[in-house]
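All chains should be modelled from the sequences, with the hints used to inform the complete structure.
Mapped onto mature numbering (1 follows the signal peptide of the UniProt record, and there is no 0), the consecutive letters of the sequence shown carry residue numbers -16 to -1, 1 to 286.
Keep in mind the hints are simulated off the structure, nothing from the lab. Don't take every hint at face value.
[Claimed, not checked] With a straight-line Cα cutoff of 25 Å, these simulated DSS-like cross-link-like pairs (lysine-lysine) come out:
(1) K274 to K49
(2) K26 to K274
(3) K284 to K274
(4) K26 to K284
(5) K26 to K49
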Amino acid sequence: MSWLTGLAACVLLAQALPDPRENNLDNCTFELVIVDDRPLPKRSFEVNPDTFWSMTAVVNYVYAKRHGYGFQYVQATNSSLTGRQSGWHKVLFMAQRLREVVDQECLWFLYIESDAFVREIDTPLPSLVSRLLRRYHRPVAFAGEPAVIFARERSIEHPFGLGHSVKFFQPAKAWLNSGVFLVKANDASRRLFDAWAAQCNGSESGERDHRDLASWSDLDQAVITNLVDQNVDGFRDTVLAVDMLEFNSPWGRFVQHNWGDEHTDRGDAFWDALVRIDYTGLPRIHQALKSIRRGSIVWKPR
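This is how it looks when you write it as structure tokens:
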């Protein structure tokens, strides 16, 4: 039994030691990106639930600046992609951005939808990424570490329905939610995003090709789920799928994403987020909004 004791001690020691991947990530550059087709308001008193994307922009900007990360609000304009198709804007922009930074040695992006915000304001991205890799990644021979991290949707039991089949969230399929994701700029992620973006044509034929996938999801989300789950071009090794409680859901720990029925709680949730970082006074909001607008770009899909 002594060998079991020794094994247990080794496991405990390994858990206590810092993850070397986190040290490597500390030398990387990080950038937060938001893509939306709505402009930011010009005056601080207009930052309210009617312009909720400005509330989350302030929260996410404050997080980025606190940790020394880049931040960019991208306003998509003059686009034929509207309604449910507007989700393609982020795919097209990130595919373009990844091609622009081909010479960067270690660059990670956190893409975050305009109805989502960072909750764990004190958690640096190297800690998050290394924790997710440690918790979910199972190394495969001849395959490198994943370059893209998505959260996968799953059912949530009703808190008062324990012991029977009552749910309060049940997706039609275990989608890879494309509203929030982490991506490392490298050849693998560029191939994935180029393949993903190639599926966007905004045409009726494109809608028909994926109608079976998109009946309960935005088309861009259905396509990325299909590319990964069917292991098209080996993309399964490129992507790490984590539980949606990690980030990218209304119950997300690192990022809270108020999609689905939870969008009715957006106003309260986003005000709470501003209170949590002590950004409720108009002067502070004005300064943050001014900085965000100064660094924002107007972008037209190619």
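Query raised in the report: Honestly, which of those hints from before does the structure not fit?
Result: Per hint list: zero violations.
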